[in-house]
Structure formats: C-alpha cells, structure tokens
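> Sequences and hints are given; from them, build the entire structure.
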Amino acid sequence: MAKDRNPRKKKPKQKRVIIFTTPTCSFCRAAKAYFRQRGIRFREVDVSKDPAAARDMVRRSKQQGVPVIDIGGKIVVGFDRPKIDKLLGLSPQG
Amino acid sequence: MLDFKLAPQESDAHEKAGERIYDLIVIGGGPAGLTAAIYACRARLDTLVLAGALPGGQPANTDMVENYPGFPQGVTGADLAQLFQDQAERFGARIELDNVMSVDFSSRPFSVSTYGVTYKGRTVIVATGANPRRLGVPGEDKFYGRGVSACATCDGFFYQDRTVVVVGGGDSAIAEGLFLTKFAREVIVIHRRDELRATKIFQEQAFANPKMRFVWDTVVEEILGDETVTGVRVRNVKTGAESVIETDGVFIYVGMEPATEIFAGQLELNEQGYVIADRRQRTNIPGVFAAGDVQDPYYRQIVIAAGTGAVAAMEVEKFLAEQE
Numbered sequence: 000m001a002k003d004r005n006p007r008k009k010k011p012k013q014k015r016v017i018i019f020t021t022p023t024c025s026f027c028r029a030a031k032a033y034f035r036q037r038g039i040r041f042r043e044v045d046v047s048k049d050p051a052a053a054r055d056m057v058r059r060s061k062q063q064g065v066p067v068i069d070i071g072g073k074i075v076v077g078f079d080r081p082k083i084d085k086l087l088g089l090s091p092q093g
Numbered sequence: 000m001l002d003f004k005l006a007p008q009e010s011d012a013h014e015k016a017g018e019r020i021y022d023l024i025v026i027g028g029g030p031a032g033l034t035a036a037i038y039a040c041r042a043r044l045d046t047l048v049l050a051g052a053l054p055g056g057q058p059a060n061t062d063m064v065e066n067y068p069g070f071p072q073g074v075t076g077a078d079l080a081q082l083f084q085d086q087a088e089r090f091g092a093r094i095e096l097d098n099v100m101s102v103d104f105s106s107r108p109f110s111v112s113t114y115g116v117t118y119k120g121r122t123v124i125v126a127t128g129a130n131p132r133r134l135g136v137p138g139e140d141k142f143y144g145r146g147v148s149a150c151a152t153c154d155g156f157f158y159q160d161r162t163v164v165v166v167g168g169g170d171s172a173i174a175e176g177l178f179l180t181k182f183a184r185e186v187i188v189i190h191r192r193d194e195l196r197a198t199k200i201f202q203e204q205a206f207a208n209p210k211m212r213f214v215w216d217t218v219v220e221e222i223l224g225d226e227t228v229t230g231v232r233v234r235n236v237k238t239g240a241e242s243v244i245e246t247d248g249v250f251i252y253v254g255m256e257p258a259t260e261i262f263a264g265q266l267e268l269n270e271q272g273y274v275i276a277d278r279r280q281r282t283n284i285p286g287v288f289a290a291g292d293v294q295d296p297y298y299r300q301i302v303i304a305a306g307t308g309a310v311a312a313m314e315v316e317k318f319l320a321e322q323e
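If you're matching them up, the sequences are chains A and B in order.
So that you can map any letter, position 37 of the first sequence is 36 in numbering that gives the first Met the number 0, and since no number is skipped, the others follow by simple counting.
So that you can map any letter, position 167 of the second sequence is 166 in numbering that gives the first Met the number 0, and since no number is skipped, the others follow by simple counting.
FYI, nobody ran anything at the bench for these hints, they're computed from the structure.
Quick caveat, the model's predicted, so the values are computed rather than measured.
Here a beta-carbon is modelled for each residue, glycine too, at the ideal position from N, C-alpha and C.
A partial selection of chain A residues facing chain B, derived with a Cβ cut-off under 10 Å:
#, residue
1, 24
2, 27
3, 32
4, 80
5, 90
Written out as structure tokens, the structure is:
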C-alpha cells in the first residue's frame, strides 16, 4: 500500500521525446496532438527558427524533412504511430 | 495559425473486451470523412473516425485553400482541417489517429483493424482518399526524404536558397511550386506537355513569378545523387534528347492514386482502383458506403468530398433505420 503513495512508482519514467518540426508541417501537428492525447511530455524544436538544430537533425536522421522524432535516442522518421507506441511502451489503443 | 488539438478519449471497457459496436466507422479523416462524422453525430449515431496519420487529409498538407466557399480571403489547409475536426468533435465524434491495416466486410457487424485493435461497426464509410502517385523511376525510392518529396509544406523549408525541381503541371504542382518559391532560389517545373493543366489563376501567378522556370515536353527518367539528390536525368518527349538538370530537391506532383489496397477483393473497384459508388454513395456491399476522392476519379475537390461525405452519412442513417 505504501508504495502507491510514491509518485515515481505510480508513473514510470517516460523516455525523453524531442520532435523536430516546421510551422507548416501537418504531420508534425498530428504527431504533437497524439502525444498530448496520450499524455506524453515532449520538447519541440522548430528547425525553421534554429539552423544549428536543423543541421544536427539532418545529420542524425539523414532526412531533409520533418517530423523527425527522437525517442530516448532512437530516431523515428515521420508520424509513425506503431513505432512511436512501441518505443514508448504505449498500448495500441487510446 | 491554429495548433492541432484532439479531444481526450476514454476507450471503454466494452471496446477492450471487443464488444463495443459503433453505429458507424469512418475510415479516413479528410473532408469527406469528417463531414460524414458531423452529419452522423448530429443524427446521434455512435461514430468512430479512424483518421490515419494526417487528420484533415490532403488539405492539411496544402498551403492555402482559396476555392472553399465561406473563406473569401482563403484559409490555410491546416486551419481548414482543424476546423472540420473541431466541428466533428463538437458533436461527439471519436477521432483516432490510426491507420487501418485490414477490413472484413464479409459479415455484419463489419470489422476494421488498425495495427493493434479491431473495431466493430454496423456500417462503414470508406473515405481513405488518395495518395500522391510516384514517378516510378530509378533513384526515387532511394532518395525519398533525402531530396525527393511529395510534400512542400513538410519539406520546403530545407531548400532555402537552393534549386528545386517540381514534376507535374496540374494544380498541386503549380500551387506547391509557388509555395516553394518562398524558400528556394529557383523552382524548375518539368512538365511532359507544352502547357499546364493547372487552374488559370495558378498559371497567371506562376508565369509572373521570377523564381519559376519551365521545362516543357520533358519527362524525368532518373533521380541522381550521392548522399542526397544532385540532379535529374530528363528526356524531351518530342526530340528524344536527354540531358541532366542539376537540383537539390525533387517535388513530385504527378497526380493521385486512390488509397484502396486494403479493400481489394471486398469492394468493387474500377480499373484505376477507385471504389465504385452509386449516386447515393453505396458500394456493392450493403452497409458500406464510400465518399470523397477514393471514389472520385474526376474532380477531387474539398467541397465535393465534403458533399459526398454528407450524402454517405445521410444514407447510413437511412440504412440503420431500415435495419431496425
């Protein structure tokens, strides 16, 4: 019983999520909406405002396009829900 | 610009146990699917929309929409997509961002499966729309995402002060080519004919834009590159002459293909792969309806997709009433 009061036990630590976006990218918006819906915390990097981050993203993902999502160091290209669910340990159902 | 939002969801115990049966499952979250959901929810049908990875459908990837009535100044495709979705959710539609991998229309209730869940519905509206057609030339797959793209609003930013090629001569090619001029130094339109098919107002804008250049009567034979794209090998269809055009990016807008692979063998498709639906949007299977671009080889307009979505939902309501 006592361990239920420990918030760290209740909510296992989530992998770090960084999503690289541009303002006009709809797949990026959809991916962010999905993270919010599932209660996933994420950091957004708008590469159109951060040229260094854009270069870093292209170098690491080999992609000249967004979204690119970094989940605990693993790169997901595009809004690939099965892959995202797997890396975050989410059930297939919302 | 609006940011994408989704209503929070509760998946219920019945669904987890595989017992929940929706009145209507809409496959696809573009203008047709979301309009169908608005109508169905207002008729108090329990409605699930499986919207795929791009809620809003093709308009969500479109820079500006200027021919949808009610927006005299135009509206960005992304904003219009969000407005459709807000309206469907306001009346109680459940929207899931998940792709449908398979369907079983052989018995009722119908089964619709994503990668991890099978949903049941008394009726289905197929509104999966269409996907950009590929060129089918060497280098295209290899460089996809590394210089080859079908989404200017997604990838245009990466071509600042660079040269890009747009392949095609229709509305998408010219509208997205114009969008790319915001970033690129030069936009070279390669078209297999000697005139554009795009709407006249797009043509006027394109010919007046100093960054746009046109290569007529020409087809792309191969996409060249090392790590990323460096050029395209082209052939003039009138003279047969081959040459290489240097470019950093290739945006392909050579038409659309209906997204119907998962329905093959279950729904009647025409020879181009479009779902065959009658004027009441009925398919060959009673209880399965189709709306939007997936059943429209001719017009492919937001306003028409929305219209057929409304028809399909009204037919669903009638169908369910007759079943009772």
